[in-house]
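**Student:** Residue numbers (our numbering), protein chains in the order written: chain A, 1 to 322; chain B, 1 to 322; chain C, 1 to 322; chain D, 1 to 322.
Just so you know, the hints here were simulated from the structure itself, not pulled from any lab data.
Hints may be right or wrong, so weigh each one.
[Claimed, not checked] One side only, chain C facing chain A, incomplete, derived with CB under 8 Å:
no.	residue
1	S44
2	G47
3	H233
4	P253
5	I255
6	D261
7	S262
8	Y267
[To be verified] Here are the computed lysine to any residue pairs in the SDA-like style, where the Cα-Cα straight-line distance is at most 25 Å:
no.	chain 1	residue 1	chain 2	residue 2
9	D	K3	A	A273
10	C	K3	C	G297
11	A	K142	D	G265
12	B	K142	A	A273
Where a beta carbon is used, it is the ideal one built from N, C-alpha and C, also for glycine.
4 protein chains.
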Amino acid sequence: MRKYRIVIVGTGRIAAVHARSVHRSPSLELAGFVDTVAASSLPSHWGVPCFPTLGEAAGAVVPDAIVIASPTDTHVSYLALAVDLGLPALCEKPVARDRRSIEVAMDIVSRSGLPVILGFHRRFDPMRREVQNRIAAGGIGKTEHILQLSRDVSLPDRRVSAHQGGIVADMVVHDLDELLWLVGRQPDRVHARLDRNVDAGLVEIGDHDTVSLQLEWNDGPVAHVSATRRAVHGFEQRLEVFGSAGRLVCDDPRISCVRLDSAQGTYLDRRHAGFGERYRDAYQAEIDHLADLLRCGGDPFCSLEDGLNAFDLVERVVDAAQ
Amino acid sequence: MRKYRIVIVGTGRIAAVHARSVHRSPSLELAGFVDTVAASSLPSHWGVPCFPTLGEAAGAVVPDAIVIASPTDTHVSYLALAVDLGLPALCEKPVARDRRSIEVAMDIVSRSGLPVILGFHRRFDPMRREVQNRIAAGGIGKTEHILQLSRDVSLPDRRVSAHQGGIVADMVVHDLDELLWLVGRQPDRVHARLDRNVDAGLVEIGDHDTVSLQLEWNDGPVAHVSATRRAVHGFEQRLEVFGSAGRLVCDDPRISCVRLDSAQGTYLDRRHAGFGERYRDAYQAEIDHLADLLRCGGDPFCSLEDGLNAFDLVERVVDAAQ
Amino acid sequence: MRKYRIVIVGTGRIAAVHARSVHRSPSLELAGFVDTVAASSLPSHWGVPCFPTLGEAAGAVVPDAIVIASPTDTHVSYLALAVDLGLPALCEKPVARDRRSIEVAMDIVSRSGLPVILGFHRRFDPMRREVQNRIAAGGIGKTEHILQLSRDVSLPDRRVSAHQGGIVADMVVHDLDELLWLVGRQPDRVHARLDRNVDAGLVEIGDHDTVSLQLEWNDGPVAHVSATRRAVHGFEQRLEVFGSAGRLVCDDPRISCVRLDSAQGTYLDRRHAGFGERYRDAYQAEIDHLADLLRCGGDPFCSLEDGLNAFDLVERVVDAAQ
Amino acid sequence: MRKYRIVIVGTGRIAAVHARSVHRSPSLELAGFVDTVAASSLPSHWGVPCFPTLGEAAGAVVPDAIVIASPTDTHVSYLALAVDLGLPALCEKPVARDRRSIEVAMDIVSRSGLPVILGFHRRFDPMRREVQNRIAAGGIGKTEHILQLSRDVSLPDRRVSAHQGGIVADMVVHDLDELLWLVGRQPDRVHARLDRNVDAGLVEIGDHDTVSLQLEWNDGPVAHVSATRRAVHGFEQRLEVFGSAGRLVCDDPRISCVRLDSAQGTYLDRRHAGFGERYRDAYQAEIDHLADLLRCGGDPFCSLEDGLNAFDLVERVVDAAQ
């Protein structure tokens, strides 16, 4: 079986996740990394070279596709470069920080005809996909209500937050993208409230830590979104979709099915520590999707256009909260 | 042990529920019914007399307290009559259909000093009370988000609906009253959407079958309410309260803990058929509360003032939806 | 509706349970108690008289049936007396402490034609009955394996234990009776082990605190029984029945559906404190069954013959353990 | 990071599982296969050579260790050959079909000082290990009762069964080995019953399809084991360990956390199809354990001696059933 060669742009935390997935794919081969500044130990961990530019990497290891896991501001340039080199790509979200850049990227990619996957990991999660498939197959009739509960474990460092565009663009965007995926179009009305329940000091960087939304579709469902940066009981991302003929519930998977019944009470199996652990299978599915496109062709399951739609909805939510 | 004698005004469905609870209370005795029009078979079922007026009942069986389970429009008159007769009362909700009548009733009752319990059954439910108690005791820190999911099994007959004041006043009022109970004050902002997902014909009587709310308290929580008249999977009323130090979840109790694992899948224990079955313990607790007040004195746990506050919030929700 | 008058023999803990059930039955009336020695406050609690003998009670309050909740050694005499008086009865288990006395009682009752219910409470439990009904209706095909897990909270006082005939006769008899009920005949082989895991001092009264059984039926199922007097996690009585076409699981009901998710873990809803609380509905169903027999006639659901069969199996288990 | 080279002996179903695990290990490299007869397509799938003998493989690809996944009768020879070649090994269970051969293998391996892992997959399962660790750490006090429920989905083909040594040696051996692991020594008494509930025709090959055991340890726990080849509700392997200070329950993990609530009932998340899917993480952990031993040295977590102990207990169970 032929193995397709992959170069990963970036050597940070998310690049490590993709490297692991590439390694585990039977039809892919990790050929190298690109890091323009100071590479981490990731390339040596995997025993592959690291190049200062994508051009040099392309010349040296002749990749079949690239994975863009570099800082957001560089995504569009690497997409343009990939198109120049004729390489399909998997690009981390978000595509860019402004609408114009996303449109530019979409235009370049669309004219090239090359497949470019956008990495909204939740769309690749086997359980979330099962929910979407069942809804699309009519399993719950007409969708009437969607509930999204997203609770992270703790606040990120305020210096990190400052570069992530705020809780809506950084965290709630996953809920918003999933709603667009499940419903298929922008909501007609957006009601939003942002709070600082955890850290009042976030006002200094214009950020919040709690989001409450009611989104409404004409002749369609209403969605309630409740998101917070800090839940003392641990990481949680739950989805319920209620329809005219049934209801789908996607609870959180647990790490272990071991339960302790003691004199102090019953302790349930443990939760995942965060999105990386929770969505490990989803990250693998992203890379497997890339392998599928390389082997069999076809259209990306999640594309730059989805990135644009999510960007628009993020903007509407932020506006509505003011 | 002395038994207090109770007269129930009304002989309909809810009167039957209260009769059963009175019968089961070791310190109460069912003394008779009042029905001005055509009494049901309820009095003969319990082997007690039925009188055409409360005055006659009071003269004949000398009650210690009354339970008002007659049509809503008569509640205030019976409250006034109970005060005249010096009788404590348990009054079914709602107190009345207009704010002025509720104020009149409150004034009469307040000047009499007699205890009058308002029958919002959910406030008497042992599990909901457990949630409220734990929150009040600081068990989850500061409340940040409340989720109310209320799903009835099927639409009531449209002729019945027409006399109930609409889905908000009739059904969602329980969620709204519970929110006022949990938070302790009116929300500062109300965002509401009403839908006709089940029966478009409800437009003829100005009613809806689906309600979606986002209620916001300044320096307090946000509440999401999703209510529908029809859920094919059955009756359901769930509550989640998320706070800075923990989260309380009140799922629906099930009728049976028997589970069948078959080749067709796993069948969970069954749901209650509706609010009557679900809140049987709560209705008993209402009557037990009446018995407690008769024996030991004290203030009603849920009073006419709570009825006024719920009335106000119902009005705000209906207004916000327009 | 006519109310049948009930006299309860005994004024102890189990008599109190039955008094409450009689009170709650719409078609029964608590007419009085019998206590030959020193009555508790139970009669005055319910406001009914207490007589020193059943004969005097029968003359004074003319009961329609009696409930025998006196010490075990007196059960057979009261059954004989009930037959003399022509009164149906509900008799607490066990019928007697020796086989010969049970046979005598069966003979007297059988010749009288009067209905006598034996109070194995588990047979009246709605959930256990649901399991039995589904099996009898073929819902899981042919039964192949039965699992009984019975765990009490803590050891009874050793002086109390000394009069209860040992853990098998007192506690495990309920599992054994249920097995006879589910399978319909005595097992063909009994393998038993008794342990003193909690209190080695039980050797002084010849008792144990832990029972492990493998019971086998030719051309039928195997049953595993694990019973202990002490489980630190609380009261538990679980049943699983595995068949060729499915499996039924009857887990323990919980007191409350409220769940707390905190930084220290997830606390599930609470367990019942013991058999009295767990089987409240079953005790009510026993009394309701008595009311049914009085109103409509018919055969008792659980009879003295069942008491004899359980007695025999207890003996076999005790023998097998030696 | 240095990669250790692995040769897998065998190209069948279990060899495929190990190949996948080797591929996923960052510190191992799949170097080749050995198949003396007719190799499957497995070597070409992974793009590595296949040799007719282990000797040739050792000469050609210079492995650091081998995985023995060939037919049982060849295990001891390959273990001897591995020792000759100085190669550590992971050997599939069972070591051999007779006690003498196992002793020979143990002797050869023990004198060599080379680490040899025995592949009882359940010992490597993260959840089962969690149970064992908590017990060993005193988390539930003294163990008093162990429950093993093992239910496969359907009978294997009778021709396959004929070569597997019967249900006890092939399937229940995993329960028995786990009991030895949890308790630490052979039981003092074994009570066994074997049945043919699914296929009476198994009598022709001297096999059964259902096993019921009560195993007893002096001054230790009692274990109940119920195993069957066919459960219509699907694959299941549950463990409960009850102790003086608590109880551990290891339920089956599910494939998906998605739940459908419909008018026909509630459908829980799905079960695994069989042991391969259920114990995928355990198989990975076996190979990771091999990698750990190669990198850091140390003793195997599960050794040939464990294979001998399990063999002995299998024999005792089979004898006791006669």
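**Student:** Holds or violated: are the alpha carbons of K142 of chain A and G265 of chain D at most 25 Å from each other?
**Tutor:** Status holds; Cα separation ~19 Å.
**Student:** A closest beta-carbon separation below 8 Å is what the hint needs, so does H233 of chain C meet it against chain A?
**Tutor:** Result: holds, 4 Å to nearest chain A Cβ.
**Student:** With 8 Å as the cut and Cβ atoms as the points, is P253 of chain C at the interface with chain A?
**Tutor:** Given a least distance of 14 Å, the restraint on P253 of chain C is violated.
**Student:** Have a go at the I255 of chain C hint: is there a Cβ in chain A nearer than 8 Å to its own Cβ?
**Tutor:** Constraint on I255 of chain C not satisfied, violated at 13 Å.
**Student:** Could you check if Y267 of chain C really has its C-beta closer than 8 Å to a C-beta on chain A?
**Tutor:** holds (5 Å)
**Student:** Hint validation: S262 of chain C versus chain A, beta carbon distance must be below 8 Å. Holds or violated?
**Tutor:** The hint holds - S262 of chain C has a Cβ within 8 Å of chain A, the shortest such distance being about 6 Å.
**Student:** Please verify whether K3 of chain D and A273 of chain A have alpha carbons no more than 25 Å apart.
**Tutor:** Measuring from Cα to Cα gives roughly 30 Å; hence the hint is violated.
**Student:** So if I understand the rule, the pair passes when the alpha-carbon distance is 25 Å or less; does K3 of chain C with G297 of chain C pass?
**Tutor:** holds (15 Å)
**Student:** Compare the distance between the alpha carbons of K142 of chain B and A273 of chain A with 25 Å, and conclude whether the hinted pair is satisfied.
**Tutor:** Given pair K142 of chain B, A273 of chain A holds - Cα atoms ~24 Å apart, limit 25 Å.
**Student:** Is the interface hint for S44 of chain C satisfied, with its Cβ closer than 8 Å to some Cβ of chain A?
**Tutor:** Hint on S44 of chain C: violated, closest Cβ of chain A at ~38 Å, above 8 Å.
**Student:** Is the shortest C-beta separation between D261 of chain C and chain A less than 8 Å?
**Tutor:** holds (4 Å)
**Student:** Would you settle whether the hint for G47 of chain C is holds or violated, based on the nearest Cβ-Cβ distance to chain A being less than 8 Å?
**Tutor:** Not OK, violated: G47 of chain C not within 8 Å of chain A, min 41 Å.
Violated hints, listed in ascending order, are 1, 2, 4, 5, 9; each of the other numbered hints is respected by the structure.
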